[in-house]
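Take these sequences, add in the hints, and give me the full structure.
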Amino acid sequence: IVMTQSPATLSVSPGERATLSCRASESVSGNLGWYQQRPGQAPRLLIYGTSTRATGIPARFSGSGSGTEFTLTISSLQSDDFAVYYCHQYKTWPPGTFGQGTKVEVK
Amino acid sequence: EVHLVESGGAVVQPGGSLRLSCAASGFSFDEYTLHWLRQAPGKGLEWVSLITRDGEYTSYGDSVRGRFTISRDSRKNSLYLQMNSLRSEDTAFYFCANEQSKFFESWGQGTLVTVSS
Numbered sequence: 001i002v003m004t005q006s007p008a009t010l011s012v013s014p015g016e017r018a019t020l021s022c023r024a025s026e027s028v029s030g031n032l033g034w035y036q037q038r039p040g041q042a043p044r045l046l047i048y049g050t051s052t053r054a055t056g057i058p059a060r061f062s063g064s065g066s067g068t069e070f071t072l073t074i075s076s077l078q079s080d081d082f083a084v085y086y087c088h089q090y091k092t093w094p095p096g097t098f099g100q101g102t103k104v105e106v107k
Numbered sequence: 001e002v003h004l005v006e007s008g009g010a011v012v013q014p015g016g017s018l019r020l021s022c023a024a025s026g027f028s029f030d031e032y033t034l035h036w037l038r039q040a041p042g043k044g045l046e047w048v049s050l051i052t053r054d055g056e057y058t059s060y061g062d063s064v065r066g067r068f069t070i071s072r073d074s075r076k077n078s079l080y081l082q083m084n085s086l087r088s089e090d091t092a093f094y095f096c097a098n099e100q101s102k103f104f105e106s107w108g109q110g111t112l113v114t115v116s117s
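Here the protein sequences line up with chains G and S, keeping their order. Quick note on our numbering: the first sequence kicks off at 1 and runs consecutively. Quick note on our numbering: the second sequence kicks off at 1 and runs consecutively.
Calculated from the structure, these hints are not laboratory results. Please note that the accuracy of each hint is not assured.
[Said to hold, decoys possible] To list a few chain G residues with every Cβ distance to chain S over 12 Å, as calculated:
#1 SER21
#2 SER25
#3 ALA59
#4 GLY65
#5 SER76
#6 GLN78
#7 SER79
#8 ASP81
#9 GLN89
#10 GLY96
#11 GLU105
#12 LYS107
[Unchecked claim] Each computed DSSO-like pair below joins lysine-lysine, with the alpha-carbon atoms no more than 30 Å apart:
#13 LYS76/S <-> LYS103/G
#14 LYS102/S <-> LYS76/S
#15 LYS91/G <-> LYS102/S
#16 LYS43/S <-> LYS107/G
#17 LYS102/S <-> LYS43/S
#18 LYS43/S <-> LYS103/G
#19 LYS103/G <-> LYS91/G
#20 LYS43/S <-> LYS91/G
What you are looking at is a predicted structure, and each value in this text was computed from that prediction instead of being measured. Where is the CB? At the ideal position from N, CA and C, for every residue including glycine.
Take a look at the structure:
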């Protein structure tokens with residue numbers, strides 16, 4: 001299953017909403033997660049099961065979608081949120097497939 | 001709190017070998033399947049290998065199968081990756097991660113492997 005994220009780069013001002021998309025080449029049902037990777041850091045689990053926030057993840061992060069179309073929304077961008085975000089399908093496990101990433105940068 | 005710390009990254013020549021380690025703490029080591037993933041500088045994430053909690057089952061990505069071997073030692077709460085016949089395309093940050101219901105719950109900070117002459 002190929003995961004395609006868009007856009008490749010998203011320019012957003014602090015405090016604004018960011019909407020990131022992830023499309024699967026075939027249905028992955030709800031088996032979709034999102035990871036955040038800040039510069040120079042390891043990835044961090046944000047969302048699993050399409051919409052469940054991982055422990056400690058702020059409520060401004062939300063996930064939605066089903067089948068082949070998924071969205072990660074950051075309601076009001078904070079300085080810590082400028083990072084690269086990866087979607088990952090785990091319907092075909094192991095190991096699933098990562099998307100190529102969306103970089104959220106300061107506008 | 002889950003804590004994963006990788007070590008062993010180095011500069012190695014093509015064809016050489018290297019062994020990575022991942023020290024785990026803060027969780028019940030024997031209860032989790034563990035993974036290695038990697039990321040070439042400036043690139044995306046690539047899964048490398050997994051080992052089940054009892055060590056009985058392992059799996060590898062196509063690009064490393066036959067060259068890399070994953071193992072674990074419950075006495076030392078440690079995960080390992082033996083990498084042989086290294087190639088330039090193996091140059092990457094290597095991360096260990098624990099699995100929770102088919103997603104990667106916690107990650108280490110990574111260790112850099114550079115394959116270059």
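For each hint, the structure was consulted:
1. SER21: SER21/G clear of chain S: closest Cβ-Cβ about 16 Å, beyond 12 Å.
2. SER25: 16 Å, holds
3. ALA59: Correct as stated: the minimum Cβ-Cβ distance to chain S is 20 Å, above 12 Å.
4. GLY65: Nearest chain S Cβ is 16 Å from GLY65/G, so the label holds.
5. SER76: 26 Å, holds
6. GLN78: The claim holds: GLN78/G sits with its nearest Cβ about 21 Å from chain S, beyond 12 Å.
7. SER79: At roughly 21 Å from the nearest Cβ of chain S, SER79/G sits farther out than 12 Å, so the non-interface label holds.
8. ASP81: 18 Å, holds
9. GLN89: 10 Å, violated
10. GLY96: 7 Å, violated
11. GLU105: 15 Å, holds
12. LYS107: 22 Å, holds
13. LYS76/S <-> LYS103/G: Violated, at roughly 38 Å.
14. LYS102/S <-> LYS76/S: At roughly 24 Å apart (the allowed maximum being 30 Å), LYS76/S and LYS102/S satisfy the hint.
15. LYS91/G <-> LYS102/S: 9 Å, holds
16. LYS43/S <-> LYS107/G: The hint holds at about 22 Å.
17. LYS102/S <-> LYS43/S: Since the Cα atoms of LYS102/S and LYS43/S sit roughly 23 Å apart, the hinted pair holds (cutoff 30 Å).
18. LYS43/S <-> LYS103/G: Holds: LYS43/S and LYS103/G sit about 12 Å apart, inside 30 Å.
19. LYS103/G <-> LYS91/G: Answer holds: LYS103/G to LYS91/G is near 24 Å, not above 30 Å.
20. LYS43/S <-> LYS91/G: 23 Å, holds
In summary, the numbered hints that this structure violates are 9, 10, 13.
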